[in-house]
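These protein sequence lines are chains A, B, C and D, in that order.
The first sequence begins at 18 in this note's numbering and counts up one residue at a time.
The second sequence begins at 18 in this note's numbering and counts up one residue at a time.
The third sequence begins at 18 in this note's numbering and counts up one residue at a time.
The fourth sequence begins at 18 in this note's numbering and counts up one residue at a time.
Any given hint could turn out to be false.
Which copy is meant is left open, because identical chains are indistinguishable; a pair holds if it fits in one copy or across any two.
Claimed, not checked - Derived DSS-like pairs (lysine-lysine); straight-line CA-CA distance at most 30 Å:
id : residue 1 : residue 2
1  : 260       : 176
2  : 260       : 219
3  : 219       : 313
4  : 176       : 313
5  : 313       : 260
6  : 219       : 176
Derived by calculation from the structure, the hints in this document are not laboratory data.
There are 4 protein chains.
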Amino acid sequence: MINFSLFGAGRIGTLHAANIAASHPRARLSYVYDLDPAAAAAIAGKYGAAVAPSVDAALGDARVDAVLIASPTNTHVELITAAARAGKAVLCEKPIDLDIERVERCRRDIAGAGVAIQIGFNRRFDRSHRAVRDSDVGAIELLIITSRDPGPPPHSYVKVSGGLFRDMTIHDFDLARFILRDDPIEEVFATGSALADPALAKLGDVDTAMVVMRAASGALVHINNSRRAVYGYDQRVELFGAKGMVQSENLRPSSLRRYDGGATDAKDPLLNFFIERYQQSYLDELHAFIDAVANKQQPAVGFDDGRCALILADAALESMRGGRSVRVNLASRAV
Amino acid sequence: MINFSLFGAGRIGTLHAANIAASHPRARLSYVYDLDPAAAAAIAGKYGAAVAPSVDAALGDARVDAVLIASPTNTHVELITAAARAGKAVLCEKPIDLDIERVERCRRDIAGAGVAIQIGFNRRFDRSHRAVRDSDVGAIELLIITSRDPGPPPHSYVKVSGGLFRDMTIHDFDLARFILRDDPIEEVFATGSALADPALAKLGDVDTAMVVMRAASGALVHINNSRRAVYGYDQRVELFGAKGMVQSENLRPSSLRRYDGGATDAKDPLLNFFIERYQQSYLDELHAFIDAVANKQQPAVGFDDGRCALILADAALESMRGGRSVRVNLASRAV
Amino acid sequence: MINFSLFGAGRIGTLHAANIAASHPRARLSYVYDLDPAAAAAIAGKYGAAVAPSVDAALGDARVDAVLIASPTNTHVELITAAARAGKAVLCEKPIDLDIERVERCRRDIAGAGVAIQIGFNRRFDRSHRAVRDSDVGAIELLIITSRDPGPPPHSYVKVSGGLFRDMTIHDFDLARFILRDDPIEEVFATGSALADPALAKLGDVDTAMVVMRAASGALVHINNSRRAVYGYDQRVELFGAKGMVQSENLRPSSLRRYDGGATDAKDPLLNFFIERYQQSYLDELHAFIDAVANKQQPAVGFDDGRCALILADAALESMRGGRSVRVNLASRAV
Amino acid sequence: MINFSLFGAGRIGTLHAANIAASHPRARLSYVYDLDPAAAAAIAGKYGAAVAPSVDAALGDARVDAVLIASPTNTHVELITAAARAGKAVLCEKPIDLDIERVERCRRDIAGAGVAIQIGFNRRFDRSHRAVRDSDVGAIELLIITSRDPGPPPHSYVKVSGGLFRDMTIHDFDLARFILRDDPIEEVFATGSALADPALAKLGDVDTAMVVMRAASGALVHINNSRRAVYGYDQRVELFGAKGMVQSENLRPSSLRRYDGGATDAKDPLLNFFIERYQQSYLDELHAFIDAVANKQQPAVGFDDGRCALILADAALESMRGGRSVRVNLASRAV
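Next up, chain A with everything else stripped away, as it sits in the complex:
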């Protein structure tokens, strides 16, 4: 049995708590910690867990095997470090941090701790995206990731988000690395506009973006993002190679098609947002983590994947600001 302490009782923490408590026969939710004890109590009460009075309390119980970090981004590094030092396995939501220097320092701090650390790039566990990766298209030549949110976030969120590339595109950067496997990205070009919400420009952010990247093999990657797609959460991947092409298409709540005087073949709007679209991948991500912990293996998505995604996001930001492509060396920054 794997006993979890959960940090963060917000929306994503609530989702993880339900998954821990209800989906896996070997998982149990032991503690919930949140700055807001009422929020922690609401989750804890539902699943028979205890409210932890402090981080230390949630980490100090020897029966706790793993922690799930779903607290605000600026607490991640500290919690990862504390958990690793306490010998607990870690499943931490993305991003590790918005500051690559802090990420590098964290990396050094936890080196040798010998605990499993998994970063919450849940899209790697989406069965359709994963099927893209597992498909044989021959040598990869073009990868196109379309990733559009249903609606823009509030400005209060934008201000602490690190900007589009570090907050939203970071998933796509990771997905690109996942699909390219051992072909490292070497060059990044990005540009963006504030079109859905022009006021974002004053915050130094964009809501519409395009990225082009080159991998060492010469394979090319395109990402396009929007913060506002009126037809729902648009999540597609297209992989093209010497032997053909595969696409991971959007999902919908049902397989219904409608025909009337205005249209034919019409499907429902897309699943609203990530909670709905990636419901199964959150579950599969958790199960993969539990299996890794139970079998004392390294998780498939590790700390370094979080670090590399942030490096790419930083390069995109630098490219957009400088109007030129930026070279990255994902390998050389390793400690």
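Take the given structure of chain A and dock chains B, C and D to it, following the hints.
Coordinates of chains B, C and D only, in the frame set by chain A:
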């Protein structure tokens, strides 16, 4: 060069005239005949043909090789017979006639004339329906034909149409025979309702129908018809066998897909009606006829195909009226 | 908390046990009974339930609220009756029985017991099929149900199955009634062949069938069945009415599409069989039952729905044997 | 009646000749000129035209209204200039030339000639791409053009092609301008690799490319190209805006879908290449030109469209070589 006399200057005659005059390097429109000389003159003038003052005039010119019969159904038998006796090849719109006895008599009358006679079952030439027939699905087990018109015809037409089965379903009966190849249909069950236009019931007709047929091999055929599909002219074929399934799907004016807050994947409404949907198949039908005439071969869709389709339509009507399946022997009625 | 006794520890009983034990916060598996105690023990051990030494023991515990009957068909009537008399709510797999007389007798025997009885027509809970029912297509005119199994069952199963219509088509009969709502089916025509496994003919059964039915409104229903679809479990519903059409399409394990030199747009084969295809509907069916029991309401799919589906299956069999359509009066047989 | 002189009797000239001679009631092919008189004679003989002994002869006949230039690219400027000076309307295949300076000079040379000049960007006439442009998606935010050839050209062609951007992507640059309407592109980033045919690198060319462009409004454009798509000629357009998204999807020879043990929903491979895919758009392009000439109007796709597409291609090449985005001012270079 194949010179044509055209009988009938209505909508379908106009279409055929354009195809004869503009699409095939070896075809020429020589005469047009219609009870309404002005209608004939309109077509003749456009394509450099002569208005024939009589049927005999249109058939009497030795330079005429072929006739295209697009006049009202009740004139078909007489025109086919006269053309055959005059030694002209015939392409006659469906149905041959509404009365199987008249069809049988015509058959005897033209036996030995030695001319090519093709019946206008143009759907046999539709490239998608034809691809269904040419697909290898193993032994055929289920065939499902969906055939729905965009809107009901006027009562004046219904009264002389011979009813849904002889007017509309007759295309589907022929398509079923085309796809089943040499596996003869032996049993027919049909039922229908007047739902789109309940007043049809007083005319003894229906606008909504379902048919089930058995072939000698045990293969089963379903046809469903409606006289009113608000999303356009719905023409689909599904063929299922031991090795898989193929479907001929609907066509649309463009490949556009639309996504908005109400729907995703929405395509345009279907092509409005047979003129638009089967534009290419009318052309291909004509070219096949011209090739048969030029090469002195029998056309692929012959008089007997028109006769068999009518026998199936009659059986469907008898089945609907009697509430039981009706056995047919398509072979035994041959002269 | 709703405590369940489970009768039957076979494949479908195992599925229901997992759903009871793992999916609903208010459900608990208390007893498992099977003629094979080892099978019962395997399930009971997994979910902390007790093996019941007898039916009476599983029904006699006052803490048991509900029974789930997943035992062989010929035990259903006896178990429904015993459970109803013991005051337990019942969720019984389809069919109630293969003999309509036994069903009618059971109906009289349990009249007045006042317990919730739900029949396991799980397809009513499929979200896509349900979306068809909930769609506004105007007055219903045509309903087409395609239902094909991936492969034929063994002859040992066929012999006790009651034949294709009572074993397989019965789901489609119920689905037709579900979608037609209060428009009763009045007439049934059916025909069939043994094509996938010709040896079935010697057992008096078919594996390929077509049904046409008329409802009181004049709406027409078509069902086509096959016991062997090489591309997977084919489950589709098409509903056509005065205002348009909706279709419930097949589901697949992922949204992947493939393009190569042989094909484009290719999707994965269909989900293999009912366990995979209707995984969610089994869950939703159970939750609906639990809610009905908890709220002391009648379930949405009752005993009479099981009775009516069997009447339609019997009529189909009679029609196929007699070569004519058979009239049914679903209302008049009520006790 | 519009009389045409055709320059160039190669593959594309043959296509245009057939369209001129067979598709439009007001068009006639009068002269054919080619350096290879036999090639010219083959076309001329088929359509009753004369073989012109020289360019001057083909331009000197006062009955000639228009010229269609389908000769090698390096002859375009000279022929456009000569035709314009002779007062003939011009439909010239793309590109105008590979050297922007020669294009600018040509522009000055023909200024004031007062003849209609249309450049052969036939994709503007594709009904699906055009439907994208005509769709209301609100303010345009993202435009994604996928354009992949079925197979790489021979090196002999590559050497004189001007490179991928000026030869192949130029169509996509024009299509982007067509869809963006009066929102000018201001910035171009491009990168590419030689993956399908690595030997291209020695020729200084690529076969795999990605482009990102910014328009004045902030709208972003992505183009991806490959010289080798094993599943056929892949031509798609996706337009995303404030009110939704539209896509122009690929076309296929039929609407057939196949289902078997390996795949479901499989369609035919895509139409092989531009001759097949854009068959209708070549026709529609010609008809638009004829109408413009007949009505003494400027064609919809003019000389300046050819010039602007070349400027974008040049910018892409410069960007790829320099590793940075390149600003363009499409308006300022006007004479």
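Quick rundown of the hints versus the structure:
no.: 1; hint: 260 x 176; result: between (44 Å within a copy, 26 Å between copies)
no.: 2; hint: 260 x 219; result: between (46 Å within a copy, 24 Å between copies)
no.: 3; hint: 219 x 313; result: neither (48 Å within a copy, 50 Å between copies)
no.: 4; hint: 176 x 313; result: neither (39 Å within a copy, 51 Å between copies)
no.: 5; hint: 313 x 260; result: neither (38 Å within a copy, 47 Å between copies)
no.: 6; hint: 219 x 176; result: within (11 Å within a copy, 48 Å between copies)
Going down the numbered hints, you'll see the structure goes against 3, 4 and 5, while the others check out.
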